[in-house]
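Chains F, Z, U, S, P, D, L and Y, in that order, are what the protein sequence lines are.
The opening position of the first sequence corresponds to residue 2 in my numbering, with each subsequent residue numbered one higher.
The opening position of the second sequence corresponds to residue 2 in my numbering, with each subsequent residue numbered one higher.
The opening position of the third sequence corresponds to residue 2 in my numbering, with each subsequent residue numbered one higher.
The opening position of the fourth sequence corresponds to residue 2 in my numbering, with each subsequent residue numbered one higher.
The opening position of the fifth sequence corresponds to residue 2 in my numbering, with each subsequent residue numbered one higher.
The opening position of the sixth sequence corresponds to residue 2 in my numbering, with each subsequent residue numbered one higher.
The opening position of the seventh sequence corresponds to residue 2 in my numbering, with each subsequent residue numbered one higher.
The opening position of the eighth sequence corresponds to residue 2 in my numbering, with each subsequent residue numbered one higher.
Not one of these hints is a red herring.
Pairwise CB distance ranges, derived in the manner of DEER restraints:
1. E65/U to E39/L: 50 to 60 Å
2. M69/L to R81/D: 53 to 63 Å
3. G42/Y to G42/S: 51 to 61 Å
Just so you know, these hints were derived from the structure itself, not from any lab.
Idealized CB from N, CA, C, for every residue including glycine.
Protein chains: 8
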Amino acid sequence: GFGKVDYAREKRTGYPEVIFGQGKAPEHVRVIFGKLVEKHGRAMVTRADPSMAEAVWESVPEAEFDPMARLIMIGGGERRFPGVVAVVSAGTADVPVAEEAARTAEWMGSEVDRIYDVGVAGIDRLLAQRERLQRASVVIVVAGMEGALSSVVGGLVRRPVIAVPTSVGYGAHFAGLTPLLSMLTSCAAGVTVVNIDNGFGAAYAASILQQAILEGAGRER
Amino acid sequence: GFGKVDYAREKRTGYPEVIFGQGKAPEHVRVIFGKLVEKHGRAMVTRADPSMAEAVWESVPEAEFDPMARLIMIGGGERRFPGVVAVVSAGTADVPVAEEAARTAEWMGSEVDRIYDVGVAGIDRLLAQRERLQRASVVIVVAGMEGALSSVVGGLVRRPVIAVPTSVGYGAHFAGLTPLLSMLTSCAAGVTVVNIDNGFGAAYAASILQQAILEGAGRER
Amino acid sequence: GFGKVDYAREKRTGYPEVIFGQGKAPEHVRVIFGKLVEKHGRAMVTRADPSMAEAVWESVPEAEFDPMARLIMIGGGERRFPGVVAVVSAGTADVPVAEEAARTAEWMGSEVDRIYDVGVAGIDRLLAQRERLQRASVVIVVAGMEGALSSVVGGLVRRPVIAVPTSVGYGAHFAGLTPLLSMLTSCAAGVTVVNIDNGFGAAYAASILQQAILEGAGRER
Amino acid sequence: GFGKVDYAREKRTGYPEVIFGQGKAPEHVRVIFGKLVEKHGRAMVTRADPSMAEAVWESVPEAEFDPMARLIMIGGGERRFPGVVAVVSAGTADVPVAEEAARTAEWMGSEVDRIYDVGVAGIDRLLAQRERLQRASVVIVVAGMEGALSSVVGGLVRRPVIAVPTSVGYGAHFAGLTPLLSMLTSCAAGVTVVNIDNGFGAAYAASILQQAILEGAGRER
Amino acid sequence: GFGKVDYAREKRTGYPEVIFGQGKAPEHVRVIFGKLVEKHGRAMVTRADPSMAEAVWESVPEAEFDPMARLIMIGGGERRFPGVVAVVSAGTADVPVAEEAARTAEWMGSEVDRIYDVGVAGIDRLLAQRERLQRASVVIVVAGMEGALSSVVGGLVRRPVIAVPTSVGYGAHFAGLTPLLSMLTSCAAGVTVVNIDNGFGAAYAASILQQAILEGAGRER
Amino acid sequence: GFGKVDYAREKRTGYPEVIFGQGKAPEHVRVIFGKLVEKHGRAMVTRADPSMAEAVWESVPEAEFDPMARLIMIGGGERRFPGVVAVVSAGTADVPVAEEAARTAEWMGSEVDRIYDVGVAGIDRLLAQRERLQRASVVIVVAGMEGALSSVVGGLVRRPVIAVPTSVGYGAHFAGLTPLLSMLTSCAAGVTVVNIDNGFGAAYAASILQQAILEGAGRER
Amino acid sequence: GFGKVDYAREKRTGYPEVIFGQGKAPEHVRVIFGKLVEKHGRAMVTRADPSMAEAVWESVPEAEFDPMARLIMIGGGERRFPGVVAVVSAGTADVPVAEEAARTAEWMGSEVDRIYDVGVAGIDRLLAQRERLQRASVVIVVAGMEGALSSVVGGLVRRPVIAVPTSVGYGAHFAGLTPLLSMLTSCAAGVTVVNIDNGFGAAYAASILQQAILEGAGRER
Amino acid sequence: GFGKVDYAREKRTGYPEVIFGQGKAPEHVRVIFGKLVEKHGRAMVTRADPSMAEAVWESVPEAEFDPMARLIMIGGGERRFPGVVAVVSAGTADVPVAEEAARTAEWMGSEVDRIYDVGVAGIDRLLAQRERLQRASVVIVVAGMEGALSSVVGGLVRRPVIAVPTSVGYGAHFAGLTPLLSMLTSCAAGVTVVNIDNGFGAAYAASILQQAILEGAGRER
Ligand SMILES: Nc1ncnc2c1ncn2[C@@H]1O[C@H](COP(=O)(O)O)[C@@H](O)[C@H]1O
Ligand SMILES: Nc1ncnc2c1ncn2[C@@H]1O[C@H](COP(=O)(O)O)[C@@H](O)[C@H]1O
Ligand SMILES: Nc1ncnc2c1ncn2[C@@H]1O[C@H](COP(=O)(O)O)[C@@H](O)[C@H]1O
Ligand SMILES: Nc1ncnc2c1ncn2[C@@H]1O[C@H](COP(=O)(O)O)[C@@H](O)[C@H]1O
Ligand SMILES: [Mg+2]
Ligand SMILES: [Mg+2]
Ligand SMILES: [Mg+2]
Ligand SMILES: [Mg+2]
Ligand SMILES: [Mg+2]
Ligand SMILES: [Mg+2]
Ligand SMILES: [Mg+2]
Ligand SMILES: [Mg+2]
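Chain F extracted, bound-state conformation (with noise of 0.2 Å):
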């Protein structure tokens, strides 16, 4: 067949296989999803378009597909690891990156407290939120444009925050490179950066971070 499942990666890392949805055949994607939950009763699609939708539900009816997001999902979502994943984001525009990463982390057992449109041009929205951002056990910023966002974030919290740019932008822009490169050149020690548009693999991160804390990690030692 065209495909071979990684079932053993649940064991491995914690989560079954994601599906990178962009560039595979609908009736593929389907199969997959089906024997994802047939093995694990979990499974989930990134970067899904509404065909792939409508090929997992011939299969799997009640699978949700978030068209925003572009995200289809099924059997996570119940609330399994202590703390918060903040989700900041700097402009409207990277709503759909955002959520792309909130919904990604609730998935995987994840509380998610949404801070959006705080962009730096205007300082005072973010700080007003300095509280909550200082709660949450790992913040995600993501950001287009210039992605000055991550630096000032990374300078007020004592928790991880990984960076996500989005193609948000036009001209020297380059589809994302510049808030990428301005990103993984912080001034802010310690801020670590995802690939452009890249909320999955963000949130992915931040829920692995709290599995890491739900299980004690190291304490065994």
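Add chains Z, U, S, P, D, L and Y with the ligands to chain F, keeping to what the hints say.
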């Protein structure tokens, strides 16, 4: 004067400001280092060279200088955090950056497990270390050339993986751009990335994550 | 006319000129295809679309069109070479390029062993195929995302490895640039690389290598 | 000879031609400097090195050389313009470029307010200077790393903001390309940008703006 | 909700927040536009398309839509500032960006003098406008292709010059990257630059500069 | 210690690990070289400099150092393979990289035919060598400037062609990027490419191909 | 109005301004075309599409439209110059750009010799045309892929060679960037280069060169 | 040996091969230079340094070395061609490249008119030379920074214009990339371009053009 030390940073983030040595006059480094030691009892300079160490020793003779890691340090290093930070490197030439990460993590209060020279061209070397990798609370992967190591490690562990591309390579490697892009587009979910050769940043992110575990982040809710 | 067919190429290289379909008018493709069939009894078009197939079928109704591999073919395919070309792909989305390679190799006279969906994030899937990999006379590795697969395969076999980066990915992937650079800077010695999505070129190189084996290249000295 | 001095520039623009030192022979710098002093009574060399200063002193011993700002100057500096140019820098390592801007502005006739080392990772340091920023007629923001400072400042003031990216950074910073792109795609409206490390150009633009204010630009209509 | 309007921006900068239309849902644009009009009595959307205009007209039927400039506007436009903003364009194809600048400047309170199609390949056309150029308080230069116009204009006037590279061109033009870089490295001192096609940003900078003149910036000292 | 030698590589691939000298301390090179000689009876260092040779000679005085090819070698070089590897270079300045390829191939067991300085600007020089080219089992083409040579050679032979771009050139050559891209987009089918200046990698691929011929790859099926 | 036609250009350069169609409204094209015809009796539009031709035909029904070359023309074409412009193309897919060059040269007054589909992978095809190449007064080389053709041609003739890279290719070809860089770093001396796909510009340069010959440039001294 | 001199080049192109000095051993330069002098009575080395000159003088003491133009020459320079090559430079720092062009042209048989330091920021300086420009048979424009000069010159003359971008600049200039792209996208028709700092190539193209005029290219038809 030439600088305003951000004394409040320790309160906000848990750590004092760290001095970025590159491009600073040794005399400036000496003065800022002195102020930080006075205020916080500990200080660190990254990207330090011998002339900076000489200058610092004039005021703080007990400061330590690690020429391979290019760090000047004082006053951290007493272990505080539970668990272990694994620092994994692909080749021998990546060791200076790996050491920057390892020494920084130690200074910040982490125990470090060094797993060096396990690049993917001899995959069995890496697989022989599977258990040590799985025991860590967080894994830092340091790799130059094509940076493939972080994808393999990312698929083996249920803990956060932080990838550090290095400038070790030539030609189409573009001084680290290639492993940087490679790590950002990793097929393993949840790998987050820091700047080229930024061992310091990776360790900072790893230790702050352990700080989150120690402080039981989110348990209070 | 619009084109000078290089009829002498088969004599010089062992294979007739292959038509590069992209950007050509269907009518032009039809005419050149006809001339090649007449002269050599076989012909192939790469990067073909359905309109080109329609045009070709007007003159050569028995030509085959593979829409996934984007190939129009006639008159090759009877096996000639000893040994096997392994075509290995990282993900399901890389299959179209892998099929371009596999079908081309078959047309040129090679037997093909398809090993698909064995990307490095689930390394055990790949290692389970170690023997099939080692049995091949030459291995073609097709991978998008970060292209790490070719480095792992390169360290496992004592045969030539030809890497094909694909345009499968997004953001910092830059339509295949990232796996291209990654494969070029591979830490495994002796991996050679072809253009992004160039399954045809990889197969051509693999088959010509088998031609060298068949013809006992160099034995004559 | 090797050069045609543009004597008419002062008449057209308000300022004599300024010598771009980089790549010129010290002897050439000396000759052109001499001609400019003779004609206009004032002159400036940017990107000057000590050997150029030595050469200039042979003819014009009272010329001043500022090695940090890399400027050789004579005959400007008597204050002419109302208002203040604020020169704001993100880090200590950006000070040489900030000084190039500050000294140039002073030479051109402006009063300068230096606000250094107020990068966004410690945002409170910047906010503590809000009033000084708001008092300026024009603000020059000098920042390396990710260049986020100009977006925050741009949202705080009702005066023109001119951003200067610096080459301070490493890795994905690409010698200033990252803050350059970042400043160009700033989410704060109306920030304009000059070349990397071009403190001179920013100051020139700031002073010519003050010249416009002094001369009551447009009032005549 | 999906957005936090920065109502305090007018107080801080003199102008209300302007809506960046690109990538926003028409319904979102309608809601934010409505809020801004209610609060400030004026509002503007940049990079607007007809569907956004339709949505806005539902709530604010008297809003104006300029399809060439891609602006939706209401409530600015009554002239406030002394002096003139000259908007100079190199070619006919640059006119949409030039109009974005011109209409924005008018909305912000400036009088505009349009000097179009005076590219440097026919230098006498530009020189014939020397006087109009010299009369302006600030000059905006809009140019695609190689962007040479800003260097010539920069050497002709004693007023600030703001350069806008456009995406008009092909091949080695890279959608505006070439004139962007060209304008940043201009041999004329004091030219400042905004993002590719950012007529809005140039006009904002020009008008805020006139605001500085009107308010007699710095005279108070 | 600082390194884990991959002793099993010879068993898996036919050749022991080769030491990548660049960036390694001479002392490290000496130790690893010693271990490899002890285990395998042969060893090689690439990108070696004189200080590394000095270090190696302390332990292994009979090792050979080729300063032009930047190789330290011992224990290979007794011919084993049938056929000939042709190493073709475009210009005199490409010879060091060509020699890295030639000496590596010889060390690995191949006979080498050197055809140097036959760049395409004087095409008759190349055509005069047509027979020698056609006699080779595999052809390595080493070229800087625009790298056109591999396309011409690729169309002349019925054997695999491996292209090595070199860093010989200036300006728009970007230290080898231009011939690299040029070779990857070659209009001759089946040319495969290695990294800039990677004569070692090309020779490795060529020799492993001869190993496949010698071992009658695939005949066993 | 929207444009200032540069009527004086014919006097200065020998040719009227040529309209750059891309991005212009058909109505604008019609008006400018009309003005040029009225003034000079001839006119041309490059990068024209059918809607522009329709518009032009309303005013000037006898204008010719060549959809492959994307040119609208009137009033040139009567041969004026001695000698021949050879237009050489590498592949069939490059013919549209070659025709843009050929038709432009004819409109400007040159005789054209078309030598198409002689790419270097089948070098004998090119060498078979050696005489025609050597007979030309100037040679235009049009090539996509790796652009190697101009280096081979440049070494064969004693006349100027103008190279036109085309956007024909994929992957590492980057829409023509690769042959552009390749042609600029050609190992054949004296090849000059124009923008990607700029057949018009190459022909213009070729014809102006023939104009120089016709007018006996420099003989007057 | 290390090189095959292309003795036939003079017959094919009118000029002997020219030695590209960069990266060659002085001894190699000496030998090739000697062979060329023996065969053709004239020879030239470009990008030569003093150590090469020393080596050449051992065999050919009467050779001339121009350290600014980095040329070693003998046996050309007696004027042969009608007309004049104008070499125009934008700034004083571009003079070394301009001299490489001027000296090469003289060696090839052209008379040269040097028009230096006429950059567009002081446009009147250039316009004052209009007549000299118009008298030339061909114009070479040498410019760094943004390279705007070639567009202005291209619109002023009825003769071929060859543009040479230089590496003079900094920051967003990227060592000459910016003027290179700028010249390629010039709004003046018919400007052709050579590699960054390639004064030699521009002069070669200019002189071969004069050779075409002298030989009455095309008159024979
Ligand atoms: N065309 C434009 N280019 C750049 N920035 C803009 C543009 N239009 C609006 N903005 C800025 O975008 C911000 C609003 O973004 P948003 O919250 O996404 O509507 C405001 O700060 C504006 O100053
Ligand atoms: N010049 C070279 N270019 C690319 N790879 C190399 C080169 N020399 C050695 N290698 C590879 O580098 C690896 C050894 O790296 P290290 O452990 O750092 O010595 C081996 O797998 C070699 O095959
Ligand atoms: N295809 C083309 N490529 C480059 N420049 C062109 C092209 N067609 C016309 N031009 C130039 O564009 C200018 C006219 O631009 P415009 O005023 O926008 O029509 C003239 O100077 C022409 O020489
Ligand atoms: N400065 C230069 N830039 C570009 N090509 C050059 C230069 N100098 C010489 N050449 C060319 O380089 C070739 C000689 O290369 P080589 O055999 O390495 O000496 C000849 O074809 C020359 O035309
Ligand atoms: Mg907003
Ligand atoms: Mg190793
Ligand atoms: Mg899969
Ligand atoms: Mg600081
Ligand atoms: Mg025009
Ligand atoms: Mg040579
Ligand atoms: Mg063809
Ligand atoms: Mg000058």
